[in-house]
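Line by line, the protein sequences are chains G and B. At position 217 of the first sequence the residue is numbered 217 (my numbering), and the sequence of numbers has no breaks. Adding 1000 to a residue's 1-based position in the second sequence gives its number in my numbering.
It should be emphasised that the hints constitute simulated quantities derived from the structure, not laboratory data. Think of the CB as a built atom: it goes at the ideal place given N, C-alpha and C, for glycine as much as any other residue. It is possible that some hints are incorrect.
As the list claims (entries may be wrong) - Here are the computed lysine-lysine pairs in the DSS-like style, where the Cα-Cα straight-line distance is at most 27 Å:
#1 B:Lys1217 / G:Lys140
#2 G:Lys140 / B:Lys1034
#3 B:Lys1217 / B:Lys1263
#4 B:Lys1081 / G:Lys72
#5 G:Lys111 / B:Lys1217
#6 G:Lys118 / B:Lys1217
#7 G:Lys118 / B:Lys1216
#8 G:Lys140 / B:Lys1263
#9 G:Lys215 / G:Lys72
To be verified - Derived list of chain G stretches under chain B, where covered just means 3 residues or more per stretch with a C-beta under 8 Å from a C-beta of chain B:
#10 69-83
#11 105-115
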Amino acid sequence: MNMNSAVIELKDIWVHYEGMPILEGVDLVVEPHDFLGIIGPNGGGKSTLLKVILGLINPSRGVIKVFGDTPKSARRDIGYLPQYSLFDMEFPMSVWEVVLTGRLGHTGLLKRYNDEDKKAAYDALEEVDMLEYKDRQIGKLSGGQRQRVFIARALAGEPKLLLLDEPTTSIDSIMQEEFYELLNKLKAKMAIVMVSHDISAVSVYVDKIACLNHKLFYHHSKELTSEDLEAAYQCPVDMIAHGVPHRVLKAH
Amino acid sequence: MLELLQYEFVRNAIAAGILASIACGIIGVYVVVKRIVFISGGIAHASFGGIGLGYYLGINPILGVLPFSIASALSMGWVSKRSRLPEDTAIGILWALGMSIGIILVSLTPGYAPDLMTYLFGNILTVPFSDIILMLVLDAIIIVVVYSFYKEFLALCFDEEFATVRGVAAERLYLVLLCLIALTVVVLIRVVGVILVIALLTIPAAMSRQFTSNLKKMMMLSIIFGAVFSSGGIWLSYMFDVPSGATIVLVMSVVYLMYSLVKGIGSRGAT
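Please work from the sequences and hints to get the whole structure.
Structural data, given as structure tokens:
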């Protein structure tokens, strides 16, 4: 791996689903230690973009490099928090077992989890402050606690890139604040890309912001023009300029 | 019950019951937690095609089932993941297709098809020793594979997409799991027959889930439940001279329903 290379490099990525374009010519470069928020309407291709970066969806056109490599080879260094899904709350698995699955890429087939894996899982749970719940069944947690466990699962693989898909949908606003504080702590160690439709929350915490609705609007900064937002959302968006130190829109 | 043990067929029946409980205890837990009861039922029923094949070729029908159930497991897995058809539609079609092939092959076989009912509904009291050896071998394969891929299977059942991202070949592993279900079907056919296999794959595992939230403990408990229920069923079927497979399923279902009922009343009283 070339240490100078960008974390993510997407060039002219097109994805089609049943003939309909989901992503249209997306270009994106994410540098080490970027904390990028991607906002956009539902159905705009946000989850699809993350899945392209993970190599779960193959684009119909375009070049994709993660750590200068193919997504599949780079997966080992990617931590992933999938969109909140209605998983089986009764699933017979403890918090500890869930977090250990984050180590699968490191352990390899036909081997038990070793001490190194257990230490990484332990540290990850400590990092998200969930160590005391490690023997709890995964369904017997609140939404915010569960989200922390899933972050720990992503961290257990010691990623250099963290991908978060709508991480705050399932948690209340107080927990959300704690959650963003946690991300703030993590961004020193890794690049973070977070997609969300929650524009105001994203704009407070992230360092750079992009807007995605099939096409991606991004200026490597925390500013988006109102033309970008209008093009992406297809209607005027003016509720974003509050909180001047963290503004999304240029003063105009 | 002890004096029954002097008969070889009773000893064979109990051995078959225990071997079946091991297979369905382990694999049934996966079937229940991954919610693949329908595809498992499909594999079991489609395996009837293998019985027809066995009759047609004039070999032990169980030996016809083995390749046929593996083939139906692989095709169902492949079609359900890759085809544009909805998964349940694809399974429904293959389910019926396998059974039709069996019926046609049986009817093409000259003469009378002896023991056909045995394969449809099972008869644990007539299990020959050679089939017990086969069940033992299949149980060993199931245990070795599950032991080897335990952590991958757990991750696959909980969150297939995340397992993929962590480098697990999820689709291939899913096909391996379906093949293990196919082997379990072969183990269970002698005991309850293709029609009732699904009961043994679901009831002991569903019951054990009420008592623990640890997958390994669930497997142990399912094996114990399966062994107790099948022994009880064998005894009742001998006492009342009724079909053993159906009796085992009836015992399991009644116990499970009674347990759920009592538990339901208990929890209602608590609120």
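Results of checking the hints against the structure:
Taken as a hint, the Lys1217 (chain B) and Lys140 (chain G) pair is honoured in the structure, with Cα atoms around 19 Å apart against an allowance of 27 Å. The straight-line distance between the Cα atoms of Lys140 (chain G) and Lys1034 (chain B) is roughly 19 Å, inside the 27 Å bound, and the hint therefore holds. Of the supplied pair hints, the one linking Lys1217 (chain B) and Lys1263 (chain B) holds, its CA atoms being roughly 21 Å apart against a limit of 27 Å. A C-alpha spacing of about 20 Å is found between Lys1081 (chain B) and Lys72 (chain G), which places the hinted pair at or below 27 Å, so the restraint holds.
Between Lys111 (chain G) and Lys1217 (chain B) the alpha-carbon distance is near 21 Å, which keeps this suggested pair within the 27 Å criterion. Proposed proximity of Lys118 (chain G) and Lys1217 (chain B) is supported: the alpha carbons are some 21 Å apart, at most 27 Å. Distance hint between Lys118 (chain G) and Lys1216 (chain B) is fulfilled; the C-alpha atoms sit about 19 Å from each other, no more than 27 Å. About 20 Å separates the Cα atoms of Lys140 (chain G) and Lys1263 (chain B), which keeps this hinted pair within 27 Å; it holds.
Simply put, Lys215 (chain G) and Lys72 (chain G) have alpha-carbon atoms about 24 Å apart, close enough for the 27 Å limit, and the pair holds. Evaluation of the coverage hint for the stretch 69-83 of chain G: fulfilled, as 5 residues show C-beta separations to chain B shorter than 8 Å, against a requirement of three. Three residues within the 8 Å Cβ limit are the bar, and the stretch 105-115 of chain G against chain B gives 6, so the coverage statement holds.
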